[in-house]
Structure formats: structure tokens, C-alpha cells
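Peer 1: This is what each chain is made of:
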Amino acid sequence: MHLPFPENVAQRNRLAELLVLAAQVEHDVLCQYLFAGATLKQNYGEGGVTYGQLEQMRRWKSTIMAVARQEMEHLGIVTNLLTAIGEAPHFDRPEFPAPASILPIDQESRLARFSERTILRFVCFEMPAELPDQEDAAYLRACIPDFDPNSYDAIYRLYAEVKRLLEAIEPPDLFIGPPSAQFVSAWPAVAARGRTPGKGAAPGSIYGFSLPEISDTKSATQAVDQVVEEGEGAGEHTPTSHFARFLAIHRELVATRASDPGFEPARAVVDDPRTSDLPGATTITNPATIRVSELFDLGYAVMMQLLIRMFAHTDESEEEVAVLESLAFFPLMTTVIRPLSEILTQLPAFGSNQPERAGPSYTFPKRIDLLPHRKAAWRNLGLQFALLERRGFAVADDLDNPEPVRPRLRLVAEQLSRIRLTFENAIGVEVTS
Amino acid sequence: MSDADYPAARLILQFEGWCQIRQATDPDPSDEPRGSSGYTFAFGDEPDLDRIIRLQPSPEVPVRSHGWPIGVAVTSAVRYEGTTRSSVDALTGAKVDLLGGPKLENRNFTLTPVGYEPIVPFELEIGSAALTIRRKAPLNVKDPTVPLWLQPEDVLLAQGANGMNFEPETIGKATGIWDSRLVAEERLAHLQRDLEAARRREPPNDPEIAILTGRIAELTIGIDDPTDRRVANRYWVERFGFDMLGDVEVEGDEKGVLGGTLVRGSDDQGAWHVRFFMGAWDPDVLSAYFVGALDAPYAEG
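Going down the list, the protein sequences come from chains A and B.
Residue numbers are given in this note's numbering: position 131 of the first sequence equals residue 131, and the series is strictly consecutive.
Residue numbers are given in this note's numbering: position 187 of the second sequence equals residue 620, and the series is strictly consecutive.
Calculated directly from the structure, the hints in this document are not laboratory data.
Keep in mind that a hint or two might mislead.
Some chain A residues judged to face chain B by a derived CB distance under 8 Å, without partners named [what the hints assert, rightly or not]: (1) 55; (2) 65; (3) 132; (4) 373; (5) 374; (6) 375; (7) 406; (8) 414; (9) 419.
Derived coverage of chain B by chain A (criterion: at least 3 residues anywhere in the stretch with Cβ under 8 Å from a Cβ of chain A; other residues may be distant) [what the hints assert, rightly or not]: (10) 442-448; (11) 520-530.
The structure displayed is predicted, hence computed values, not measured ones.
Don't be surprised by glycine CBs; every beta carbon is placed ideally from N, CA and C.
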């Protein structure tokens with residue numbers, strides 16, 4: 001039974017509001033997951049770990065990275081839902097740290113190193129409405145005083161309301177966005193270069209990253225189901241759900257710590273590191289680390305600008321949208337954001353001889369609104385890429401950075417240089433000489 | 434080059450064998466040192482992943498147990514002079530190597546699409562007790578000062594692979610491996626026995642146990658999911674073929690072994706042609722099969 005006018009418009013507005021919140025939540029939690037994963041030690045020489053524990057931590061990190069990648073997929077699905085109903089994509093989010101009241105996740109949002117407390121918070125983010133496994137319930141009751149899963153299932157409830165609204169609103173009043181404003185996974189980086197991936201290659205899911213096209217009530221509700229099943233589980237014990245994976249890590253971590261009190265899996269990374277003051281956050285003071293952190297923040301902001309442009313392009317051609325896709329995903333996420341986040345957890349937050357390490361701040365140093373005019377937007381992006389390249393080489397050449405991280409900083413600079421070149425070739429304009 | 438221009442005297446060396454490539458895999462960054470998002474890893478006390486293609490075993494890096502013997506060698510060395518064909522015994526069995534730390538340079542799709550990446554640097558060495566020949570194939574002969582990351586895409590593609598193709602028959606004929614899943618299952622059984630034995634030993638060798646535990650965990654993922662890249666990627670082939678126009682070095686009795694002198698020019702007439710494929714990628718032991726041939730013109734007498 002669909003809603004008549006004007007209730008359908010009111011409910012439509014409510015749906016858009018919830019999807020914006022969902023985008024903020026997915027973005028918010030994925031940054032926290034990536035941050036915790038980047039703090040895990042990787043070498044015996046870092047101390048506090050045995051070889052056996054390192055192997056366990058390797059698998060924990062793989063799991064955290066896989067979950068974070070799926071949260072990126074969820075952000076993409078929510079963004080596709082927004083553009084499918086004719087709304088703007090939303091990539092802004094509150095600064096870290098944010099109190100529990102800011103987002104409907106009933107937990108504070110903060111960038112914290114890998115620990116029992118951090119992982120338990122992630123378990124709570126992904127809490128289903130009911131716990132099908134009584135052992136899980138008993139375990140959580142032992143970990144959390146006065147535990148009640150319904151105190152933590154806000155994300156689950158958020159998506160449940162989204163699904164109810166999608167089913168209630170008449171499709172002609174709802175799915176009014178252009179299909180071209182959705183990103184559907186199918187070999188973007190290869191397709192962008194006009195080549196096929198070769199005989200026998202299967203298109204579709206990329207490294208478990210699957211973004212379906214949304215065109216009607218059925219495809220929209222299926223997409224919401226995908227988000228919920230991958231996150232909280234499908235109403236029964238789902239070992240691959242984020243909830244189950246984080247809970248398993250927590251159990252293993254507690255057991256390992258119990259058998260070895262000296263076990264310390266994370267680097268001494270400070271909470272909520274930033275280069276500028278914010279209540280509750282930690283201000284980094286090491287000058288060389290600040291420069292790396294600022295490079296990270298600019299790269300992160302430019303990546304967001306690319307994503308906004310990709311989902312909310314104006315009169316770009318298909319080829320131009322493909323260029324945006326090809327630069328946002330692998331190059332910026334994989335070869336700039338990821339390595340810089342890991343490098344930052346190895347750099348001093350304060351004095352060079354002090355033990356505290358920095359970390360990625362996930363701060364926007366510039367506004368990331370949609371730029372409405374295509375030519376100006378692309379020119380603006382070109383200038384940002386040129387600035388990133390310049391700062392990348394400045395950081396790579398900075399001898400104040402510890403020698404072990406310099407090769408990785410050098411590669412980041414070379415990648416930024418390549419990205420700038422690829423972008424300039426695509427738009428046919430040399431931004432800088 | 435027309436048939437009429439084709440040199441009458443040619444040396445053709447065929448080679449094959451297993452090589453080692455300790456590289457991170459997408460979606461890990463190409464310089465990821467230990468592996469976390471992809472399906473290749475450095476375990477225990479193994480050195481960091483370095484992406485280097487090693488055609489010969491290196492004392493610097495371990496070869497994982499129950500894998501393939503690392504070493505690419507000349508399987509056939511033949512001299513053609515007009516209609517005359519003669520074997521060059523002094524080069525049969527010669528070691529084939531790539532010098533200078535060669536890497537598959539794709540860099541997470543920033544340089545080329547996947548399957549089209551060049552090997553950089555490409556410095557081929559073929560050496561026996563009697564003769565060693567080396568030749569470089571610089572990416573950009575016209576302007577060697579351009580750094581790799583600023584090379585035009587057509588330059589990279591000219592020396593890059595020609596896509597990735599699913600070719601179980603090619604792999605089977607070259608390596609004798611017709612059932613990669615069975616190879617993985619047999620390997621897993623070996624590793625499980627090794628792990629049990631390692632756990633019984635006193636004092637325990639922690640790094641060894643960690644390596645075995647990690648390999649078992651990853652092989653199990655591949656065996657449990659037939660679409661997973663840990664097993665599925667073993668049937669893929671990447672083919673390369675390009676002219677080598679760089680510097681030539683020869684050590685040993687060139688005229689005695691070859692009955693002539695290798696042509697060394699940096700133009701069409703002096704180009705050497707190399708064709709090869711890499712395939713049968715075994716991510717558990719970080720190895721691939723390397724098969725190809727070098728076709729080098731030379732001047733008689």
C-alpha cells in the first residue's frame with residue numbers, strides 16, 4: 001500500500017534525511033576501522049609480540065581491512081540510493097572525536113588504536129537487533145555492564161526504517177535520479193582505459209566490492225538487505241557478518257592477552273591525532289609528521305571531491321566520469337591514503353625521542369562541496385593534484401622523516417605525480433609546468 | 434623488418450623454469466611490506482615483500498617448502514646460418530637471469546591496466562661457463578631520462594604484457610600441472626604434517642610455526658572457495674614480446690662459441706627479440722613459470 005500525496009513527499013524527505021545519516025555513519029565507522037587496522041604492528045622488531053602473535057595479528061588486520069572495504073561498499077550503496085531518488089551524494093561527516101549523540105550509533109566516534117576497548121566498540125557498531133547465538137549474548141554480558149543489544153542496534157534500526165520507507169513510497173515519486181549518477185561495480189579502472197580485462201575475466205564484484213544498480217523498489221530494498229546482512233547479519237548466526245568477525249577478534253585478543261600479559265599488538269598511537277586543536281583530540285607537534293599528516297588530509301579531501309564529482313557530475317561525458325572513477329579508487333585510496341595512514345602510525349607525534357606515534361586524522365583541510373560548474377570543477381581538481389604532487393615530493397625529500405619510511409613516501413610522491421599527469425592528459429590541459 | 438632484411442645468421446635460445454616473485458597483490462598497495470588486503474604475504478621471520486622477479490635462487494630470500502625449484506635455464510641453443518642449423522652446446526643449460534631488481538610495474542593500475550604491465554628494468558643475462566651475454570631493454574630509448582612514473586602509456590605498453598588470459602592448457606603443457614586445486618590440496622597436507630612435527634620439536638621454532646600456520650590458513654581459504662585468487666589465478670598467462678635495443682655486454686669466447694659476433698646496434702637491424710610468458714602463478718610459494726626465447730642476430734666469422 002503506497003502513500004498518497006502529500007504524505008509521500010514528507011516520507012520521501014524523511015528517507016533522504018535517513019540516507020544522509022546512513023552515509024555519515026558508514027563513512028564515520030570505516031575511518032575508525034581503517035585507523036585501528038593501521039596501528040597494528042607488522043614486525044617482530046617492533047616489540048611486544050611473538051611470531052605466533054604476529055601471525056594472528058596479520059589475520060586480524062586482513063579482517064579489519066576487508067570489513068572497512070565493505071563499509072566503503074556500503075557508503076557507495078547509500079550514495080547510489082541517494083542519487084537514485086534524486087538527492088545529492090553526502091560525504092561530509094563530523095570531526096573526530098564526536099560524542100555518541102552526534103550520529104545514531106550510540107557510541108562515541110573516535111580514532112583509537114587497536115585494543116580490546118576499540119574492538120568492543122566496533123562490535124557494538126555492528127550489533128544486530130537480536131543475538132541469535134546465546135554464547136555471544138553471554139560473552140557480551142560479561143564484557144559490557146547491563147548489556148542489552150537494543151542499546152546498540154541503532155544502525156540496524158536505521159536501515160530497517162529506510163527499508164520501510166522505500167517500500168511505502170510510490171516508485172514514480174521516488175526513483176527520479178539519473179542512472180548515470182550511480183556507480184556500479186564492473187572493472188572501472190580497466191574500462192576507463194578502453195580495454196577489456198582479457199579472455200575469461202569475470203566482471204562484477206571487485207575484491208568483494210559489489211555495488212548493484214538501483215532502479216526500483218526491489219533493487220533498492222535488496223541493496224539495503226545487502227548492507228544489513230554484511231554488517232549485522234541476516235537474523236541468524238552469520239560468521240561473515242561484521243558483527244561476528246569483530247566479536248571473534250575480540251575473543252581472540254582477550255584470550256591472547258590473558259596468556260601473555262606482555263602482549264601489545266598496537267603501536268603507541270595517540271587518540272584522534274590532528275594538526276590543529278580540537279577539544280578531546282590530540283594535537284601533533286612534530287614538524288615533519290605534521291607535513292605528512294597535512295599531505296594525508298589533502299589527499300583525503302581531494303579523493304572526496306572526486307567521489308562527489310563522480311556521483312553528482314553535471315554535463316561530463318561517460319569517458320570523463322570513467323576518468324574520475326579510475327583516479328578515485330585504486331590510485332588515491334590504495335596508493336596514497338592507505339600507505340600514508342600506515343606511515344603516520346610509525347612517525348613521532350611529538351618529539352623525535354618520545355614514544356607516542358601519530359596517525360591519520362581524516363580531517364578535511366578544505367570544504368568538499370559539489371562544485372557546480374564542470375570546467376571550473378575540473379580545473380580546480382587539476383590544481384589540487386598539482387599541489388598534492390608538490391607536497392608529496394617535499395615530504396619524500398624531507399630528511400627529518402625516519403629512514404625506514406622514506407621509500408614508501410617516495411613511492412607515494414611518484415604516484416601523486418602520475419595521478420596528476422593522468423588527470424592532465426584526460427582534460428587536455430597542463431595545469432602546471 | 435621485411436623477410437629480405439631478416440638476418441641470415443641468428444642465435445635462438447629457448448629457456449624455461451620457475452621464478453620467484455615476492456610481491457603484494459591488489460588491493461594492497463604495491464609496496465605493502467607484509468601483505469594484508471591481497472592474497473600474498475610475508476610470514477614469520479621472512480623478509481618483507483620486495484616485488485623483485487628472481488629467475489635464479491637468491492641467498493637473500495628463502496624459498497618456501499614444498500614449492501618449485503627456482504631456476505630458469507636455456508633448454509635449447511641453436512645457431513641458424515641460412516639453411517644450416519647447428520646446436521650451441523656451450524649455451525645449453527646456461528642460467529637465465531634478469532638483473533637490477535626487475536619488477537612488474539603496474540603500481541595498482543596507475544601505470545597500466547592489470548595484465549599490461551612491463552618488467553622494469555629489463556636486463557637479460559644468459560650465462561654459462563663458456564659465454565655470458567647481457568642486454569638491456571630500456572623502456573624509452575629516445576629519452577632515458579624520463580622517470581618510470583612519467584613515461585607515456587604507449588611507451589609502457591610497448592614493453593608490457595599483452596593482457597592476462599585464462600589458459601589451463603598452456604599451463605598444463607608447460608608445467609605438467611593440470612589440476613591446480615589438487616596441487617594446493619597436496620601442499621596443504623604436507624604443510625599440516627610439517628606443522629605437527631614443528632610443534633613437537635623442543636625448543637619450538639616460533640618463526641617456522643608462524644610461517645606454516647599462515648600458509649595453511651591462506652591455502653585453506655583458496656581450497657574452500659574455487660573462485661578465490663589463491664587457486665584460481667594459477668591458470669592465467671601473461672605474454673610479453675618486444676625488441677631489445679639497449680647496451681650489450683659479452684664475456685667469454687664469443688667467436689669460438691657462436692662462430693660469429695652478436696649484432697649490437699640500437700636500430701631495427703641490431704635489435705634482439707625476446708618473447709616469453711609468465712603463468713602458473715602459485716601465490717603460496719610466490720612462484721611463477723617463465724617460458725620463452727631470445728632471437729639474436731649475429732654476424733658470421
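Peer 1: Decide, hint by hint, whether the structure agrees.
Peer 2: Results for each hint:
| no. | hint | verdict |
| --- | --- | --- |
| 1 | 55 | holds, 4 Å |
| 2 | 65 | holds, 5 Å |
| 3 | 132 | violated, 23 Å |
| 4 | 373 | violated, 28 Å |
| 5 | 374 | violated, 24 Å |
| 6 | 375 | violated, 25 Å |
| 7 | 406 | violated, 12 Å |
| 8 | 414 | holds, 4 Å |
| 9 | 419 | holds, 7 Å |
| 10 | 442-448 | violated (count 0) |
| 11 | 520-530 | violated (count 0) |
Of the numbered hints listed earlier, those contradicted by the structure are 3, 4, 5, 6, 7, 10, 11.
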